[in-house]
Amino acid sequence: MNSLVGSPPLSDTTEHLTSEPKPRKPLQDQPLFWFAPALVLLLVVTLYPLAYVLWMSLQKTRYYELAGFVGFENYAYVFSSREFIDSSIASLIFVAGSLSLAVPIGVFAAVVFNSLGRYASFFRVVTLLPWTLSMGVVASLWLWLLNPSYGPISYAMSQLGLPQSLLLGDPDLAIWLLVITTAWWSFPYVMVMTTAALQSVPKELYEAVDMDGGNSVVKFRFVTLPHLLPTLGSTALNLAILYLTIVTLILVLTGGGPLGATATWSYQVFNGTVQTVNIAPAAVYSVVVLVANLMLGYIYVRSTGRATG
Amino acid sequence: MNRSHRSPLTWLSAGIVVLVMSAPILWAIITSLKPEALAISFPPTFWPSPATLENFASVLRSETFASDLWNSVIYSLGAVALALAVGVPAGYAAARFEFAGKRALMLTILATSMVPGVALLVPTYILLDGLGLLNSHIVLVVILAARLVPQTIWFIENFVSALPIEVEEAGFIDGASRLEVVWKLVLPLIKPGIAAVAVMGVITTWNDYVTVAVFAPDVAARTLQVALVNQAFDSIGISWSYFMAFAIVASIPVVLLFMVAQRWFVAGLTAGTVKG
Chain H
0 MNSLVGSPPL SDTTEHLTSE PKPRKPLQDQ PLFWFAPALV LLLVVTLYPL AYVLWMSLQK
60 TRYYELAGFV GFENYAYVFS SREFIDSSIA SLIFVAGSLS LAVPIGVFAA VVFNSLGRYA
120 SFFRVVTLLP WTLSMGVVAS LWLWLLNPSY GPISYAMSQL GLPQSLLLGD PDLAIWLLVI
180 TTAWWSFPYV MVMTTAALQS VPKELYEAVD MDGGNSVVKF RFVTLPHLLP TLGSTALNLA
240 ILYLTIVTLI LVLTGGGPLG ATATWSYQVF NGTVQTVNIA PAAVYSVVVL VANLMLGYIY
300 VRSTGRATG
Chain S
0 MNRSHRSPLT WLSAGIVVLV MSAPILWAII TSLKPEALAI SFPPTFWPSP ATLENFASVL
60 RSETFASDLW NSVIYSLGAV ALALAVGVPA GYAAARFEFA GKRALMLTIL ATSMVPGVAL
120 LVPTYILLDG LGLLNSHIVL VVILAARLVP QTIWFIENFV SALPIEVEEA GFIDGASRLE
180 VVWKLVLPLI KPGIAAVAVM GVITTWNDYV TVAVFAPDVA ARTLQVALVN QAFDSIGISW
240 SYFMAFAIVA SIPVVLLFMV AQRWFVAGLT AGTVKG
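In the order they appear, the protein sequences are chains H and S. Mapping of the first sequence onto numbering that gives the first Met the number 0: residues 0 to 308, in sequence order. Mapping of the second sequence onto numbering that gives the first Met the number 0: residues 0 to 275, in sequence order.
Just so you know, not all the hints are guaranteed correct.
Said to hold, decoys possible - Here are the computed lysine-lysine pairs in the DSS-like style, where the Cα-Cα straight-line distance is at most 30 Å: (1) Lys59/H - Lys183/S; (2) Lys101/S - Lys24/H; (3) Lys218/H - Lys202/H; (4) Lys190/S - Lys24/H.
Claimed, not checked - Residues of chain H placed beyond 10 Å of chain S at every Cβ, according to the derived structure: (5) Pro36; (6) Arg81; (7) Leu159; (8) Arg220; (9) Leu243; (10) Gly259.
Said to hold, decoys possible - From the derived model, a few chain S residues whose C-beta atoms are all more than 10 Å from chain H: (11) Trp46; (12) Ser48; (13) Val85; (14) Asp217; (15) Ile235; (16) Ala246.
Just so you know, these hints were derived from the structure itself, not from any lab. Treat the numbers as computed from the prediction; the structure is a model and nothing was measured. We put the beta carbon where it would ideally sit given N, CA and C, even for glycine.
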């Protein structure tokens, strides 16, 4: 980044202190003037509650009251609970499962649409629709689709001779149905990112494959895919961060059940906030979600060089 | 180019993707047009016959619909307006000022964007409860706006950085103050950036459930999204055709906005991620 771009040419020659005394700059030429409103907002809404939740996780609590410092007792309690192991497994399956569906489908859609020439943008816009819907709406659509008594999926399964299933009420199946729903909602995002990356693949490389007599599979494997990998990596990280914080979808489709099979870390936070006799475990889960997200975010920043400044 | 790819197989694949994408939405639309008795007939019937708009009429007539809609609109527009009001100046400064500690400042802003809203539910709820600020419209707008601020700052920074500095220098030479230069010269040039952030912001805020549900437990302060999700908890009393009609009505504003502004929406999604 260039330094000093934009300082009025006839005023100070530098924003930094220099040895010569000079008149005070007008308020509107000072960076803080421009940053202050945003900083105040982030301080009050994000950083202060953040500090508070860290402090709270070290306290004994009764309902929502803090009742004395206990060090890492809450962490020890949560980490040694069966519930934490279950919710860690649920979080892992949910994130990894959704990624492994959404990413390939998104890439497939992008590559297919990209070869449709002038019709491509129509297909892209139509396919992007689920991504604009809220988690509440997406969950509602699928709750109805997966209804075991009246739903079309239940009907189709019975027509195919499959055994009757409770679908979302089946402890072994529920998390996978959440995965499918999440992938349906988010594959358009992968498609958009992939499409953007596809625009920058040098055409000469495809021509080279043509000359060597390679088909479209060869083109995808040796030209497209290597070119897409960095984009796919950062897109997957972004989605993993997003998936980890999903609450509404789980709340509507399964309510964390059956038998806790779909209660991810974020769901535990939400559930602990709205109904609890002791808020400390929810604070610990909050810290867990926070740390997981910060770690993924750190990898994202390191790998994409997105840090500005 | 790519002539050779446009085979029947390609069209078939594209058709399947669109079908998979649209099936859940189509099923919701079909259900919303059925009388409830038909919606829960088994085996399911595909065609909504007799078709009815009664479900949509009931949604619009429901007691709290007007206030739910009003809250959704107020929160979305308010949050975006506030996020722009604080984020645009910061984004401009990030692009045009150099000063000691800038890197640390930008990294702090980056870090706040990685703090997930869900991790702040517990402390924010307790703090608001203690101050008697639950169910406050203004508090909700401020919280929802803060979520949009980091993204707004980067986005605007990218846009301002891409502008030729000569425009601003010419303004300074003509004796304009920095505020005037930003207001009269920079802002008109970054309108597409502002539009992109605004579209993304409205959609994000409109679609929020968790923040409003937790910090505004009163019916009078809830949004369409909260009203929708609450119906799903009543699995016995639920009317599926009404529920689907409600989901559609609650989505229409964002879908319309998306269709009108899809160019900016896509710009917002891909911003900063495909840098080179």
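Structure-based check of all given hints:
no.: 1; hint: Lys59/H - Lys183/S; result: 55 Å, violated
no.: 2; hint: Lys101/S - Lys24/H; result: 18 Å, holds
no.: 3; hint: Lys218/H - Lys202/H; result: 11 Å, holds
no.: 4; hint: Lys190/S - Lys24/H; result: 29 Å, holds
no.: 5; hint: Pro36; result: 4 Å, violated
no.: 6; hint: Arg81; result: 22 Å, holds
no.: 7; hint: Leu159; result: 13 Å, holds
no.: 8; hint: Arg220; result: 15 Å, holds
no.: 9; hint: Leu243; result: 7 Å, violated
no.: 10; hint: Gly259; result: 18 Å, holds
no.: 11; hint: Trp46; result: 13 Å, holds
no.: 12; hint: Ser48; result: 17 Å, holds
no.: 13; hint: Val85; result: 4 Å, violated
no.: 14; hint: Asp217; result: 14 Å, holds
no.: 15; hint: Ile235; result: 12 Å, holds
no.: 16; hint: Ala246; result: 4 Å, violated
Of the hints listed earlier, those the structure fails to meet are numbers 1, 5, 9, 13, 16, in rising order.
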